[in-house]
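*Asks:* Top line first, the protein sequences correspond to chains L and V.
Numbering-wise (my numbering), the first sequence opens with residue 1 and increments by one.
Numbering-wise (my numbering), the second sequence opens with residue 1 and increments by one.
Among these hints, one or two may not hold up.
To be verified - Estimated spans, in silico, between C-beta atoms of each pair:
id, chain 1, residue 1, chain 2, residue 2, range
1, L, Ala68, V, Glu20, 40 to 48 Å
2, L, Ala68, V, Gln80, 39 to 47 Å
3, L, Glu15, V, Ala54, 48 to 56 Å
4, V, Thr97, L, Tyr39, 25 to 33 Å
5, V, Lys15, L, Pro111, 43 to 51 Å
6, V, Lys57, L, Glu15, 39 to 47 Å
7, L, Asn53, V, Ser114, 26 to 34 Å
Stated by the list, open to error - Stretch by stretch, here's where chain V covers chain L in the computed footprint (C-beta under 8 Å, at least three residues):
id, stretch
8, 38 to 50
9, 102 to 111
Said to hold, decoys possible - Straight line, CA to CA, 20 Å or less: simulated SDA-like cross-link-like pairs of lysine to any residue:
id, chain 1, residue 1, chain 2, residue 2
10, L, Lys56, V, Ile104
11, L, Lys42, V, Ile26
12, V, Lys57, L, Glu3
13, L, Lys42, V, Lys15
14, V, Lys15, V, Ile104
15, L, Lys42, V, Lys17
16, L, Lys42, V, Gly3
17, V, Lys11, V, Arg112
18, L, Lys42, V, Asp24
19, L, Lys42, V, Ser9
20, L, Lys56, L, Lys67
These aren't lab readings, by the way, just hints derived from the structure by calculation.
C-beta atoms are modelled at their ideal positions from N, C-alpha and C, and glycine is treated no differently.
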Amino acid sequence: QKEVEQNSGPLSVPEGAIASLNCTYSDRGSQSFFWYRQYSGKSPELIMSIYSNGDKEDGRFTAQLNKASQYVSLLIRDSQPSDSATYLCAVNSGNTGKLIFGQGTTLQVKP
Amino acid sequence: GAGVSQSPSNKVTEKGKDVELRCDPISGHTALYWYRQSLGQGLEFLIYFQGNSAPDKSGLPSDRFSAERTGGSVSTLTIQRTQQEDSAVYLCASSSTGGLAKNIQYFGAGTRLSVL
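Throw the hints in and build the complete structure from the sequences for me.
*Replies:* This is the structure:
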């Protein structure tokens with residue numbers, strides 16, 4: 001079983017729709033959760049971090065964390081073609097700063 | 001510097017040669033990480049330095065891989081006797097702390113290694 005799992009996609013949504021990206025993790029000791037966006041040929045850039053159960057909103061992005069169910073999700077409202085990228089879920093390993101990444105979900109937003 | 005700097009940006013080498021990849025972290029960041037990303041894959045953790053502590057080498061795939069961090073700043077990842085399966089993008093990241101507390105890692109642009 002992979003430590004951090006994501007559906008590889010591609011997830012295709014029309015412009016203006018809500019994109020929902022999901023991630024599950026296996027380490028119950030994890031306490032820091034991150035979503036990175038990676039455009040093709042570029043390095044990952046952080047878009048959201050979340051540390052407590054519940055929702056965290058930042059502009060069009062909402063991260064949701066449920067530690068009991070060991071999942072974290074990312075919602076992108078009013079999706080734009082510029083949101084088309086691979087979204088990487090990352091979870092810290094145990095009591096360290098080391099991150100374990102999922103394989104990434106490719107999002108395609110069609111005009 | 002303003003961000004994490006990696007060099008070279010691209011490296012083409014022949015099978016069996018040694019290569020060195022360099023990472024210069026954000027000034028003041030105490031933690032430094034190396035990851036590897038193969039084509040179409042997620043990031044694979046390689047090694048992690050935190051201050052003066054012994055590095056976490058648990059992700060290094062073989063004894064051909066080694067890394068050092070001099071003076072708590074610049075790091076060099078060395079791959080000896082390169083193999084074709086070593087071809088990947090090698091990403092370096094740094095953060096202001098290496099502990100549990102909410103450290104956010106900032107990535108460099110990566111070094112694309114191609115082993116012929």
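*Asks:* Please name the hints from earlier in the document that this structure breaks, with their numbers sorted from lowest to highest.
*Replies:* 7, 13, 14, 15
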